[in-house]
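*Asks:* Residue numbers (our numbering), protein chains in the order written: chain C, 16 to 270; chain S, 185 to 490.
Here are some of the chain C residues that sit facing chain S, going by a computed Cβ distance under 7 angstroms:
#1 Met16
#2 Asp19
#3 Leu67
#4 Cys228
#5 Ala232
Quick caveat, the hints were computed from the structure, so don't treat them as lab data. No residue lacks a Cβ here, since even glycine has one placed at the ideal position from N, Cα and C.
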Amino acid sequence: MPVDVLGKITDKRIIARDTVRIVIDAPSVAENAKPGQFVMVSQSLPTFDPFLRRPIAISGAEWGRIELIVRVVGWGTAVLANSEEGDQLRVLGPLGIGFPPPAGHLALVAGGIGIAPLLFAGRNWAKSRLFYGETTADWICDLSREKSCEFDIATDDGSVGEKCNAVELLKKKIDQFEHVFACGPEPMLHAIAKLCKRKKIPCAVSLEERMACGVGACQGCTIKTKSGYRRVCKDGPVFDANEIIWEELDERPCG
Amino acid sequence: MSDLAVNIGNVRLKNPVMVASGCFGVGREYGELFDLSFLGGIVTKTVTLEPREGNLPPRVWETPAGMLNSIGLANPGISAFIETEIPFFRELDCAKIISIAGKNFGEFVEIIKKIDALDCIDAIEINVSCPNVEEGGLAFGTSPETVSGLVSTVRKITEKPLWVKLTPNVTDIAEIGRSAVDAGADALCAINTLSAMEIDIGRRVSRLGNITGGLSGAAIRPVALAKVFALHRALPDVPVVGIGGITEAGDAIAHMLAGASAVQVGSGIFRSPHLPIEVVVGIDQYCEFYDFPRAEDLTGALNIEE
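Given only the sequences and the hints, what does the whole structure look like? Please build it.
*Replies:* Pasting the structure below:
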């Protein structure tokens, strides 16, 4: 069951360019949070700018605290990223369905800020390996605290890790895995979905969408799937890759 | 504690705060967050005769102090709604209002025939003001003749209270309101969203898949207050349900002072799920502080010197 609470920021640090990791004291959210779920977040005193909360993936939950990774992509995320230790945030969650139980060895494939929900998955399921792609070294989140999961890094310019993308990293080792979880830009997810289909490996993708309510009431964040329109916030954000009509997502006028 | 109960015609609400159509489903999701019996009433997501998938995404876009939506009346159709949603909805301990829309008079009649037998429904809100559908939405709600024809048609087939939800996208909302009341409407709900759009100038495309949508949120509150005021002034004996831009208790009180007998909270819920309860508490505090023994005394209690 989700709850709406005020939670104090107990730790905040910059972990990449324009990217912060925020730890929030919110026991009633943390105790039910599962990898793949998200929260709707705003400042404690809501303003009209932004008017709506922002959906942010949960990247960790332990000892009554949840961890969020926020990358500044607009004004709403800038407001959140500028919050300081000791400030309170409004947190509604945990929301959405999480990742399914993995079927054996698990590959986690992250593109950019898509890393956020996959860090939680990596901590939760020991038999996993993270493939993490970014454009350049500046944007790579600091993973030095991630003890439980091994990872390979790629950047488009080769400034850190291999000079390729996350899909190419995965391709080299895909035969070692029985399940793939992915989060990142839609073209990347589409490529992974195709690869997994060819290899007959189940693949779950976590999608991002603009949301109003975040709880399934307004039907604002729907996408077209093979079983009709589905709400990303309530029926997702994690979907079986085979359910997605990728061409519909690729053709979106904006997003 | 003041007496918070209000009457909209012969529908009694335990307090003046309802949730607006389209923002709340039938209450399943928000019912996980708070006890729905604190609400004066729930207006369902609009139901149509046939199932509707809704409009092409993207369907929402944030704007200054508000948001656009173009959901497009996505709903399972009245038969499936009665089968899957009514069993949940009927058990709720608050007033239950069903919002309906049709492409033509015949569809409204078909829907109401199915609803009329449902004892649990306290009132029917006729949505002739949705900006996001091609037929039966704004096209109906902007014509006094069409509103009058529709209301008198459906008035003949049901005894249930009929509330008509009006659009602000007209020159004279009171004229439309009067035509609804003269044809037999029991109450007027104002306002639905304002027709609106935003443009991505980089890609030169609309922010919404349906190109245009409806604006809601704090940004429309002053517009809504003026429309409620206009309706109450023109039709002082007709109950008005004030809707538009309520994000705190004071906004609801302003609606009532402008002439509303009750209010509906809409997109403000997305910011704060507990907003309806905060509004109920705030109205009670206001009544105590300013010595209004009953919340209904707030209706039209605006001081005007002319």
